[in-house]
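**Student:** Let the sequences and hints guide you as you build the complete structure.
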Amino acid sequence: MIKQHPLIILSPVRKDKLETLDMRLSVIREKLQKGTETEFRKVPTLHYGRWVILSRDSFRDEPAVPVGIRLIFSTNFDGDKDNHLNELVTNLTKYFDDIYECCEGYPEPGARTTESRKNYLEKYSIKTSAFYNGAPGRSVQQIHQEQALREYIWNFIKNNKWDKNATAVEMHRAIRKEVESKAEFAWSKQKAELPRIFNLPNIVVFIGYTILLLILFFFTTALMLIFIDFSKLSFIASFLLIFISLFLGLIQLWILFIHFFHERRDKNGTLTLSQLDDKKVNELKKTEDLFPQNQFTQVAVMKPGIVRSFNFWIWMLRTKVLAGRVFIKGKLLNIPTIHFARWVRIDNGKHVLFFSNFDGNWQQYLGDFIDQSGWGLSGIFSNTINFPKTHFMGVLGALPGMPIKFPGTNFLLTGGAYDEEHFLAWSRSTQVPTQVWYCPYKHISIKNINNNTSIRNELHKDLNDAQAKIFLKRF
Amino acid sequence: MTPIELSEIQAYLLNDLKEMGYSRYYLLKVKDATAAKKLIASIAGSISNAAVSAQDTSLNIGFTNTGLIALGLNEVNMHSFSREFREGMVTPHRQRLLGDFDSSDPSKWQWGGPANERVDVMLLIFGKNESGVDNLFQQLKQELDAGFHTVHILNNKPLPNDREHFGFRDGISQPVIKGSGIKPAGNNNDINPGEFLMGYENEYDIFPASPLLLDDKNQGNKESLAADVSGSSFKDLGRNGTYFVLRQLEQDVDGFWKFLKQQTNAPDTKTINEESTMLAAKMMGRWPNGAPLVTNPDNENDPANKSDENNFSYYKSDPEGEKCPFGSHIRRMNPRDQFEESPPGISLKLTRRHRIIRRVRSYGEDFIGSAENHKPNGEVGLLFGCFMANISKQFEFLQYTWGNSPKFKRLYDDPDPIIGVRECPAAGVKQNFTIPQKTVNKVIPDLQSFVTVKGGAYFFFPSVSVLKFLGTL
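Read top to bottom, the protein sequences are chains A and B. So the first sequence is numbered by our numbering: it starts at 1 and just counts up by one. So the second sequence is numbered by our numbering: it starts at 1001 and just counts up by one.
What the hints contain is simulated information worked out from the structure, not anything from laboratory work. All values reported here derive from a predicted model rather than from experimental measurement. Cβ coordinates follow ideal geometry from the N, Cα and C atoms, glycine included. There may be inaccurate statements among the hints.
[As the list claims (entries may be wrong)] In silico EDC-like pairs for lysine to aspartate or glutamate, Cα to Cα no more than 16 Å straight-line:
id : chain 1 : residue 1 : chain 2 : residue 2
1  : A       : 158       : B       : 1446
2  : A       : 286       : B       : 1087
3  : B       : 1468      : B       : 1223
4  : A       : 469       : B       : 1322
5  : A       : 461       : A       : 170
6  : A       : 3         : A       : 82
7  : A       : 469       : B       : 1320
8  : A       : 279       : A       : 57
9  : B       : 1438      : A       : 465
10 : A       : 279       : B       : 1075
11 : A       : 350       : A       : 62
12 : A       : 285       : B       : 1087
13 : B       : 1128      : B       : 1056
14 : B       : 1430      : A       : 151
15 : A       : 279       : B       : 1056
16 : B       : 1442      : A       : 163
17 : B       : 1258      : B       : 1268
18 : A       : 118       : A       : 97
19 : A       : 473       : B       : 1320
20 : A       : 42        : A       : 87
21 : A       : 280       : B       : 1087
22 : B       : 1438      : A       : 163
23 : B       : 1442      : A       : 180
24 : A       : 473       : B       : 1322
25 : B       : 1438      : A       : 170
26 : A       : 461       : A       : 180
27 : B       : 1316      : B       : 1340
28 : A       : 17        : A       : 97
29 : A       : 177       : A       : 458
[What the hints assert, rightly or not] What follows is a set of in silico ranges between Cβ atoms, one per label pair, in the way DEER data are often shown:
id : chain 1 : residue 1 : chain 2 : residue 2 : range
30 : B       : 1053      : A       : 280       : 42 to 50 Å
31 : B       : 1319      : A       : 17        : 43 to 51 Å
32 : B       : 1446      : A       : 104       : 52 to 60 Å
33 : A       : 35        : B       : 1320      : 47 to 55 Å
34 : A       : 167       : B       : 1446      : 47 to 55 Å
**Tutor:** Here it is, written out as structure tokens:
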């Protein structure tokens, strides 16, 4: 299985070259929009690539530290980083030379070699805090191959003269035979490996948290009042009890601390969408909805202090650990339309960048975020300046599986992303125009990609009637 | 919940006025602002409001962005109206969202497009019959002519039995505003008022964004205006008001039925007619008489009698779309308890955030198409209208995300077969309609567009008090 990784390069732009850079990027952008761009596809490991100019103007709020003009290059790629960098600088040499000669520190024309270019990228590459992939293990090549396979079978089903009484199993066999006879689909016989995923049923998470909550409220109190006679318990039992209670007690304190000493005191965004700067919004809309997929780049300023920083770190840890293993089947925090997303802290953690690539349009995407995971989103971004006020979401939401809401607790968990109008305005106002955005499969949705893999894997299996029916329903 | 101030709300929001057999929408441009305001002030009291029971005529009024500017609302205040309303229906981005290309390109519109005269105000006159409308218009004519120039007139009416020209019973599933005094509809159709009215809580339990009088210097007499319920110190221009989307959609009834018949391959006329009607029903999600496919999957039962059946859902009755295809018009526009991948309870809640109150009337010959008879005389079409508090989240979301996007649910290349098909798709773009069946799905490829946009605009329908205020600008 080929794993996908994020790459991000942040380089300072030469002031005297900003205009040239902007112009060169816009030439590429226009070609991409018209469908006449042919260079990017020379990098076969590239899922998504984007260039974004990040300057003081990109920030909605006063940056926490002075910022110059920088160029962000971000990719999602297959396999080995070194190989990817190699491909970039050898197959996109002209792009890189044209663009990075507008940045500081790029090798002079005489000194440009594969090595020196790569060294440059390495030097300015920075770490991603949390990364999400909606179709883990699917390489660009595989995505294209499986789409072609699906197309082929779709046409076969449509054009074949089927016996009226053909059963699902018979049809599946006929399709399999047909595909097996085609050399170009020989690759499909090898089962697509998928990462092992825990898909915890909601009820398990719910019961788990109900029990945890009970412990939280009763045991910590009980312990504090020393109702338990520890001399009668075994050492391990006492240790566990104390450990759990302390741990939960800490969470409890943390929740209250964040809420009363931070969230309630912070200044919060109250602008509506209509009140945002028209010019900026129109600039963003210019490049939206040209394809079935869209992208989102965002920069926000972290709230000052170690408390917010730590809280954000917990969130990143949660996202990193869980996004890779649990609740993943094409869903980031339960959102079924995201291909890749990531958070990157820059400027010593004072600012945070968010990138995503998704199906559908802006309103739908953010609406999905609110509807499916207002908690998660609020938990993460309530640590940034001017986010709409939240109530108790900052910490609670960070617990594993927390997109699930406890019935009846809505009154506690309001604001933030659920404050729809202000949240949308916050999202728009922290969004940054993306100069160049590339994806070789903008017409395939994440649901299509996952469905195509299922088709491939089910095709070469012996299916029973029910399974064969499910298989046929995929077309 | 805050009680709804019915006497402040224009009648058309709460009453479909179907009993009004004739109506005319006057699209007007402000010629003389002073005279225009005088007319507005004088008719403010005659505008039909939702508290008054049905009369012989009904008068309603809407304003475009340019209309409010022409009357004198200043830039600061204009800027507090919703972005979609301020930008209007014709922008390059919105053209992509709404899919207005080829024959539907705004440059070819009869009104509302860049080549047409500006539309500022729309006066909607409803009557029992044409002479009722004429009479009311004559009473207003003198004052109207002093302030306005008539840009375009849209004559329209409801077709018999609530049908539209393709032949289908229309407007069955309508949301009911909670607290409006209208009998609750049940079945997830009772919606918080803030989805349709500004100044009330919506389905997120928050107040929708509402235009405020941010700058009251030289901006009329604000005494009649209500305070902003969401807590600011400004007067609220949106309270009890709503936004209205109007699109004139020409229907190619003959093309529609011919296309369906071509798909059938049946041996005789009777079977062709039956099969094409079945296919039309699959695309619509209901039979021509209105009966839903979920409850009547195989036949229409009683074609002559209209069906108001709306008590159905998808998750249990039709999880695979074998009765009502996922791609069908009604399943897309109101996914009920199957909103994307969400479980039923959550789906119902999410669906409530994307509803519109439809106000659809027809124009052209009184013609109701069918497989047997599908050639009307002259142009026929419908005036699609809908009310909502948030144009982006409601109308535009429905048109783009659920209508035009071919990636609805797990589909690959399926736009809404009724309203989402592009006339000239880009090279390589397929437009299919997938009909899930027991073993293998049936696909209708190469869909064609049978609806052409001929005009459109976004309007603001103010409350009676705000209307009075506009007269004092």
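**Student:** Hints first: check each against the structure and report whether it holds.
**Tutor:** Going down the list of hints, with the structure as the test:
{"no.": "1", "hint": "A:158 <-> B:1446", "verdict": "holds, 13 Å"}
{"no.": "2", "hint": "A:286 <-> B:1087", "verdict": "holds, 14 Å"}
{"no.": "3", "hint": "B:1468 <-> B:1223", "verdict": "holds, 10 Å"}
{"no.": "4", "hint": "A:469 <-> B:1322", "verdict": "holds, 12 Å"}
{"no.": "5", "hint": "A:461 <-> A:170", "verdict": "holds, 13 Å"}
{"no.": "6", "hint": "A:3 <-> A:82", "verdict": "holds, 14 Å"}
{"no.": "7", "hint": "A:469 <-> B:1320", "verdict": "holds, 11 Å"}
{"no.": "8", "hint": "A:279 <-> A:57", "verdict": "holds, 13 Å"}
{"no.": "9", "hint": "B:1438 <-> A:465", "verdict": "holds, 12 Å"}
{"no.": "10", "hint": "A:279 <-> B:1075", "verdict": "holds, 15 Å"}
{"no.": "11", "hint": "A:350 <-> A:62", "verdict": "holds, 11 Å"}
{"no.": "12", "hint": "A:285 <-> B:1087", "verdict": "holds, 12 Å"}
{"no.": "13", "hint": "B:1128 <-> B:1056", "verdict": "holds, 6 Å"}
{"no.": "14", "hint": "B:1430 <-> A:151", "verdict": "holds, 11 Å"}
{"no.": "15", "hint": "A:279 <-> B:1056", "verdict": "violated, 47 Å"}
{"no.": "16", "hint": "B:1442 <-> A:163", "verdict": "holds, 14 Å"}
{"no.": "17", "hint": "B:1258 <-> B:1268", "verdict": "holds, 15 Å"}
{"no.": "18", "hint": "A:118 <-> A:97", "verdict": "holds, 12 Å"}
{"no.": "19", "hint": "A:473 <-> B:1320", "verdict": "holds, 8 Å"}
{"no.": "20", "hint": "A:42 <-> A:87", "verdict": "holds, 8 Å"}
{"no.": "21", "hint": "A:280 <-> B:1087", "verdict": "holds, 14 Å"}
{"no.": "22", "hint": "B:1438 <-> A:163", "verdict": "holds, 14 Å"}
{"no.": "23", "hint": "B:1442 <-> A:180", "verdict": "violated, 24 Å"}
{"no.": "24", "hint": "A:473 <-> B:1322", "verdict": "holds, 10 Å"}
{"no.": "25", "hint": "B:1438 <-> A:170", "verdict": "holds, 14 Å"}
{"no.": "26", "hint": "A:461 <-> A:180", "verdict": "holds, 12 Å"}
{"no.": "27", "hint": "B:1316 <-> B:1340", "verdict": "holds, 15 Å"}
{"no.": "28", "hint": "A:17 <-> A:97", "verdict": "holds, 13 Å"}
{"no.": "29", "hint": "A:177 <-> A:458", "verdict": "holds, 13 Å"}
{"no.": "30", "hint": "B:1053 <-> A:280: 42 to 50 Å", "verdict": "holds, 48 Å"}
{"no.": "31", "hint": "B:1319 <-> A:17: 43 to 51 Å", "verdict": "violated, 58 Å"}
{"no.": "32", "hint": "B:1446 <-> A:104: 52 to 60 Å", "verdict": "holds, 54 Å"}
{"no.": "33", "hint": "A:35 <-> B:1320: 47 to 55 Å", "verdict": "violated, 36 Å"}
{"no.": "34", "hint": "A:167 <-> B:1446: 47 to 55 Å", "verdict": "violated, 29 Å"}
Hint compliance for this structure: hints 15, 23, 31, 33 and 34 are broken, all remaining hints hold.
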